[in-house]
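Engineer: Given next are the chains, with one letter for each unit.
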Amino acid sequence: MKGMRVALLGFGSVGQGVARMLGEKDLPLTITAIADSKGGVIDPEGISLPEVFSRKEKTGRCGKPGRPKGAKGPEVTALDIVRSDAYDALVEVTPTSMQTGEPALTHIRTALGLGRHVVTSNKGPIALAHRELTALAARKGVALRYEATVCGAIPIIRTLRDGLLGNEVKALFGVMNGTCNYILTRMEDEGLTYDQALGEAQEMGYAEKDPTYDVKGLDTAIKLVILANTVWEMDAKLEDVDVTGIDLITPQAIQLAMDEEVAVRLIGEAIPSRKLLRVSPRIIPRSHPLLVEGTLNAVTVVTDMAGELTFIGKGAGAVETASAVIGDLLSIREQYDRRP
Amino acid sequence: MPQRGYPSPAPPRPVLILLSGRECNLTITRWSTMQVSMKLEMKDTPGQLVRVLEPISQCGGNIIAVIHQRDPESESDTLDVQIVLDLPAGSLPAVVDQIKGLGVNILRIGEERLLHKRALIMIGHIMHTDISDTVDQIDRTGYAEVSELSLMMPAINERSSARITLRTANRKDMESAVAILREVAAKKDLLIVEPLEEMA
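Line by line, the protein sequences are chains A and B.
Offset between the first sequence (1-based) and the working numbering: plus 1187.
Offset between the second sequence (1-based) and the working numbering: plus 256.
Each hint should be verified, as a subset may be incorrect.
What the hints assert, rightly or not - Restraint ranges, calculated between C-beta atoms of paired labels, are given here: (1) 1357/A / 297/B: 44 to 52 Å; (2) 281/B / 1355/A: 41 to 49 Å; (3) 301/B / 1461/A: 51 to 59 Å; (4) 413/B / 1386/A: 16 to 24 Å; (5) 1491/A / 353/B: 52 to 60 Å; (6) 329/B / 1355/A: 49 to 57 Å; (7) 1492/A / 353/B: 55 to 63 Å; (8) 1349/A / 384/B: 49 to 57 Å; (9) 453/B / 1353/A: 26 to 34 Å; (10) 1517/A / 411/B: 51 to 59 Å; (11) 281/B / 1480/A: 23 to 31 Å.
It is worth saying that the hints were derived from the structure and are not from the lab.
The C-beta atom is built at its ideal place from N, Cα and C for all residues, glycine as well.
Turn these sequences into a full structure, and let the hints steer you where they fit.
Structural biologist: See below:
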């Protein structure tokens, strides 16, 4: 056992990405508990990751059948892990409802209440309860970090919080949804209709079977809410965002834009001085730094001292998201926990 | 009603549009008028100013403002007059020649076009929701005009797409014009794709 003890809730794409990277890299972080929706395991000495991976592959679950050591019940649940004292930081990456934020919200609230750090990739609880959760974390003297909720691998929140210290952030603009950007890029490159490009995105695994949440701009709107609440402590809600999606964009509209050396992209913009939170398809010049191709994300931050900065990177993917989660964990360890 | 000193909208010009086949694309470019200001030095005699203004209306121009200040202390027998005109594009040289022919000295000419340009994309049932009304709502502001419209209609009953280019004298007028277009679009259930202008 070395470094900070980590409990991992959620063993889907992101959870497995985090576990795999922590297994491969020699970092001062040890996973002492893992659970998926069907149960989990706790080992204060550190979980054997290969064992969990092979069990997940064979049985579809990461918990052992029968009574695991250190647990009171017949099976360890995610909530058992949250309430246990087997960890210092909780990584909450469960599949979570965007409407209620559950089960992540309960996990996060409970862990913070017990004085544990929390790192999450779940947008729901952060968008719904940012003020409550940050206040709780502050009261308990622990950290709540959520870099992975916005723009995947781009360290936008850490940049805004630490990298640009002393700056006034005047506005934020971003291409924050890889699905929409992929669809628009394909319509542009191949002259596809919206339906054709969406079908292709679904085949490639870039779009969900029900793409509503992405293509209607809601995913971008939630990310905008998270950024606005983080940077300006706006206490904004999803309802405060003026949202228009890309599902009505025609190939002819893309063509008319291309004739003028401009492109159509779904842009999230936040300008607090104008009380503006808006997600809408916009025309941007081909030379604009926000004009990224495929599933890439890009964010431009407008500040008083540093001027305009644009960050471009992968917005999704297991390892890319793990990069954001692990970065948060190590930054917490740096700040709070100096055990060897 | 002209607003903030801008010209009244130009009289409507008929446009014949031929629509044929299933797919139809068309672009209408309008030659815009230009705003010109001139400082003239003329003889301070009765009727002189009226004579100067005559060639302007003859070529279809519109007089927007005439400013002259008489200095009671002045010993001079000439008068400085500033005029602001709205002229059809290309007619300026003829007007200048005629004014000079009257023995009037042109001290300065400044051209003020509608310099601010913004292209937006509209998607929806653009024709069926009365496109000439959509254009007219901008033109009749007096401070903004639609200078170009490119329309693409893939098939009857399908949504069409258009690129609409607005021109105004300044950014503030542009914001007002875009706000009007947004309102019209919302009423007609058209999607407006605006350029990202707010940066910096």
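Engineer: Of the numbered hints stated earlier in the document, which are not met by this structure?
Structural biologist: Per hint list: zero violations.
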